[in-house]
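Asks: In case you want the letters, here they are:
There are 2 protein chains.
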Amino acid sequence: MEKISVGLLGFGTVGTGVVHLLTNEQEKLQQQTGLSVQISKILVKNLEKTRKFDQYEQLLTLDPSEIIDNPEIDIVIEVMGGIEEARRYIHSSLKNKKHVITANKDLMALYGNELLQAAADHGCDLYYEASVGGGIPILRSLTEGLAADRITKMIGIVNGTTNYILSKMSHQSVSYEEVLQEAQALGFAEADPTSDVEGLDAARKMVILSHLAYSIPVTLEDVNVEGITRVAEEDIQYSKKLGFAIKLVGTAEVEDGEIDIRVGPTLLPLNHPLASVDNENNAIYVYGKSVGETMFYGPGAGELPTAIAIVSDLISVVKNLKHGSNGHHLFLPNQKKQCKSADSIESQYFLRLHVKDQPGALSKITGLFNEQEISLLKIIQEPLFKEKLAEVAIITHTTKQLQFEQIYQLLNDLDSVIEVKSYYRVEGMK
Amino acid sequence: MEKISVGLLGFGTVGTGVVHLLTNEQEKLQQQTGLSVQISKILVKNLEKTRKFDQYEQLLTLDPSEIIDNPEIDIVIEVMGGIEEARRYIHSSLKNKKHVITANKDLMALYGNELLQAAADHGCDLYYEASVGGGIPILRSLTEGLAADRITKMIGIVNGTTNYILSKMSHQSVSYEEVLQEAQALGFAEADPTSDVEGLDAARKMVILSHLAYSIPVTLEDVNVEGITRVAEEDIQYSKKLGFAIKLVGTAEVEDGEIDIRVGPTLLPLNHPLASVDNENNAIYVYGKSVGETMFYGPGAGELPTAIAIVSDLISVVKNLKHGSNGHHLFLPNQKKQCKSADSIESQYFLRLHVKDQPGALSKITGLFNEQEISLLKIIQEPLFKEKLAEVAIITHTTKQLQFEQIYQLLNDLDSVIEVKSYYRVEGMK
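Sequence lines, in order, name chains A and B.
Heads up, the first sequence is in the numbering used here, so the first residue is 81 and it goes up one at a time.
Heads up, the second sequence is in the numbering used here, so the first residue is 81 and it goes up one at a time.
So that you can see chain A by itself, here it is in the shape it has in the complex (with noise of 0.2 angstroms):
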């Protein structure tokens, strides 16, 4: 049987997983693609560390060299992280005819068709399913599942971290903080969770899934980002008082040649799909023209679920060798990127304030409203006995973005407001 070699750059969580199903599952594998996938090699770090696998330990080596410039190895798999180091491994694998793999976010989103482009230009295959939603299928779906479709608008919730804390802020009645750091504790979160959080783990993300619903070349710029550290527990309590459950989504949405694309702390009808994705589940909700709605649900990270989708992307390269079909399957931009004005962005929003506690303060709330013509779906207003105040937590309809900055001004500076505590967008709804 023909051999097939493959090198890995890294050996960490992702690394281990893959290793972990190249020696587990070699018969699937050969099932699968009729021929033996070896590893032929393996970048470390450091020669000494104890692994779990140590029967590879003549195969690891500190030299990249010895992948990206071998003869014998015809796949690369980078799970090596990191920026610039990585972008000049895959370039120089690409480069000497080699197939590569990545569960890179960070580089796709960065310099994706650089790469793509490096790829199409040596004929070589560039696969990247793990870089998005961790197991779930959601790259190959877009491109070839709904292939046909015109892709109008996607919802996901792409970032494990935050969608454990949200879970937990909401089923447990806890504070951000203290949620944290038990995510922090249990390996849920990073010892620094600012990529996470602060939702740009999120936004490379929506970069990537982006390029391949639009094929339009958008940059992580183009990307309105805000992440969830200051999601109070009262948003979460009024969220579902209202019938709504907070998440930290991404949206992208193409209207007219236009693309929005944002990442926020956002309100989700309790009966749609993507409000009963909990912990660290990821979910891409996505609206076709023709197909109406779709969603892919899965683990969005973890070693061994990352693991099989580099696994099932090397699947597919090998297939390609065996084939001769190599290089047909990369999807640059090919549409001119137009991002859509502030003057022609809606959305339906939440907004919690502090009032004073006296007669006619939510009549004068609801009268700007009604001045404003924007009309509201649900209200609900509720003492604060202890501060002598009252919150009152509103739905609006949709409305144009420049229209609620407006109110939202209006508001701060209406004499029975204290404060706007918080506002969010509202995803979703019929």
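Fair warning: there could be bad hints in the mix.
[To be verified] Taking lysine-lysine and the BS3-like style, the derived pairs with C-alpha atoms no more than 27 angstroms apart in a straight line are: (1) B/Lys402 - B/Lys175; (2) A/Lys320 - B/Lys510; (3) A/Lys480 - A/Lys417; (4) B/Lys402 - A/Lys402; (5) A/Lys420 - A/Lys468; (6) A/Lys417 - B/Lys248; (7) A/Lys399 - A/Lys108; (8) A/Lys108 - B/Lys416; (9) A/Lys444 - A/Lys320; (10) A/Lys83 - B/Lys132.
[Claimed, not checked] Sample of chain A residues lacking proximity to chain B, with all beta carbon distances greater than 12 angstroms (derived): (11) Ser120; (12) Val254; (13) His408.
[Said to hold, decoys possible] Chain A is nowhere near these chain B residues, computed Cβ spacing over 12 angstroms in every case: (14) Glu258; (15) Asp358; (16) Leu456.
Since the hints were derived computationally from the structure, they do not count as laboratory data.
Even for Gly, the Cβ is constructed at its ideal location relative to N, Cα and C.
Fit chain B to the given chain A structure using the hints.
Replies: Same frame as chain A, but now just chain B:
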């Protein structure tokens, strides 16, 4: 630009959807494939019928050989339905080296292996994404996206009609008969709904999914099938009170190489992602050894969703034509079939009983469960004043099917039990 010729067998609902996409999305098709894809002939039963797309009038034919024996046609799309004729036409098409796309679940469930073998013999493609889950790209997800994993179980809501009926029964508290009539009036149920409401349609889809997920050549006879006609409003109400939804689901499970496939009304916990799959939507929940739990959700039927699946298949076939890789994507079962024996099948169960309204009745029932070593998870008793009896609903912990059948018998024989009104399996508990 090179032109690819397509012949359509059938011009009903789905055929019209395909023609719609091939007419209106030509630009998208060319972007995806780099080729021009044109309809050459359409087989119809009646030349005179008025149709949405009258510009194709001169392409209509009553003679199948104008498609299946036409040397100018590269790809045949079968959307005529039925078994024997469709089977013959597909065989002839493959023999004539035409690639085939079909939406025909009845045919693929019965003769899938025979047709896939024929496709393999002639080096042709045979794609059938539309046969399960309408617009949901579930077949691709099983064979490509999750290619590296070992699937251990699938739970599918794969019939839109019964899901519509059960959703309405649950949300509007109306009887099966009333909703069925309404569904027929709205076109969500056929005039003769037998195949849907008796679970046969779902069984066919579970056979197709099992071929791909487990590579086991199961047949319809291997599926234990029960429909929804005996689901009472009371079952739904008690399920809700216990925290569950009743759905018609197909399950296909493999343990130690032994398979168990069944279709029947089943309780799912309300917080399970499948429980909120409502109305005519479908979803397939997949358990993978490494990936964990994933779910694929979307419209299970309809003119355009089904057409999206077919035209996405078409894009794959055209790309294969372009790169000379046709016939390489056929999945024929390669494992032996071994069905799970009755004594190794386990499940949780729901039971609803009518019980004499007398002291000690409930204790006799729970005593019997205790004696038979079946533990109970939840139990509710409510009086039915009018009938002077009590109604008891029970959820058991996991128990052997044989043990359950035994207690079912013993309960019916118990003096204080008037009748076991219904029982169903419970799935999706952690």
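Asks: Determine for every hint whether it applies to the structure shown.
Replies: Structure-based check of each hint:
Distance hint between B/Lys402 and B/Lys175 is fulfilled; the C-alpha atoms sit about 20 angstroms from each other, no more than 27 angstroms. Between A/Lys320 and B/Lys510, the direct Cα distance comes to roughly 24 angstroms. Compliance with the 27 angstroms bound is thereby established for this hinted pair. Of the pairs offered as hints, the one joining A/Lys480 and A/Lys417 holds, with about 22 angstroms between alpha carbons and a cut-off of 27 angstroms not exceeded. Of the supplied pair hints, the one linking B/Lys402 and A/Lys402 holds, its CA atoms being roughly 16 angstroms apart against a limit of 27 angstroms.
For the given pair, A/Lys420 sits about 43 angstroms from A/Lys468 by alpha-carbon distance, which is inconsistent with the 27 angstroms threshold. Restraint check for A/Lys417 and B/Lys248: not satisfied, since their Cα atoms lie roughly 44 angstroms apart, outside the 27 angstroms limit. Taking the CA atoms of A/Lys399 and A/Lys108, the gap is near 14 angstroms; set against the 27 angstroms cutoff, the hint holds. A threshold of 27 angstroms between alpha carbons decides the hint, and for A/Lys108 with B/Lys416 the separation of about 15 angstroms falls inside it, so the pair holds.
A C-alpha spacing of about 25 angstroms is found between A/Lys444 and A/Lys320, which places the hinted pair at or below 27 angstroms, so the restraint holds. Between A/Lys83 and B/Lys132 the CA atoms are separated by roughly 54 angstroms; this puts the pair beyond 27 angstroms, and the hint is violated. Under the 12 angstroms C-beta cut-off, the non-interface status given to A/Ser120 relative to chain B holds; the minimum distance is some 19 angstroms. Residue-level check passed: A/Val254 sits 19 angstroms from the nearest beta carbon of chain B, beyond 12 angstroms.
Not every Cβ of chain B is farther than 12 angstroms from the Cβ of A/His408; the closest lies at roughly 5 angstroms, contradicting the non-interface assignment. The beta carbon of B/Glu258 is kept farther than 12 angstroms from every beta carbon of chain A, the shortest such distance being approximately 23 angstroms. The Cβ of B/Asp358 sits about 8 angstroms from the closest Cβ of chain A, inside the 12 angstroms cut-off, so the non-interface label is violated. Residue-level check passed: B/Leu456 sits 26 angstroms from the nearest beta carbon of chain A, beyond 12 angstroms.
Going through the hint list in order, the structure does not satisfy hints 5, 6, 10, 13, 15.
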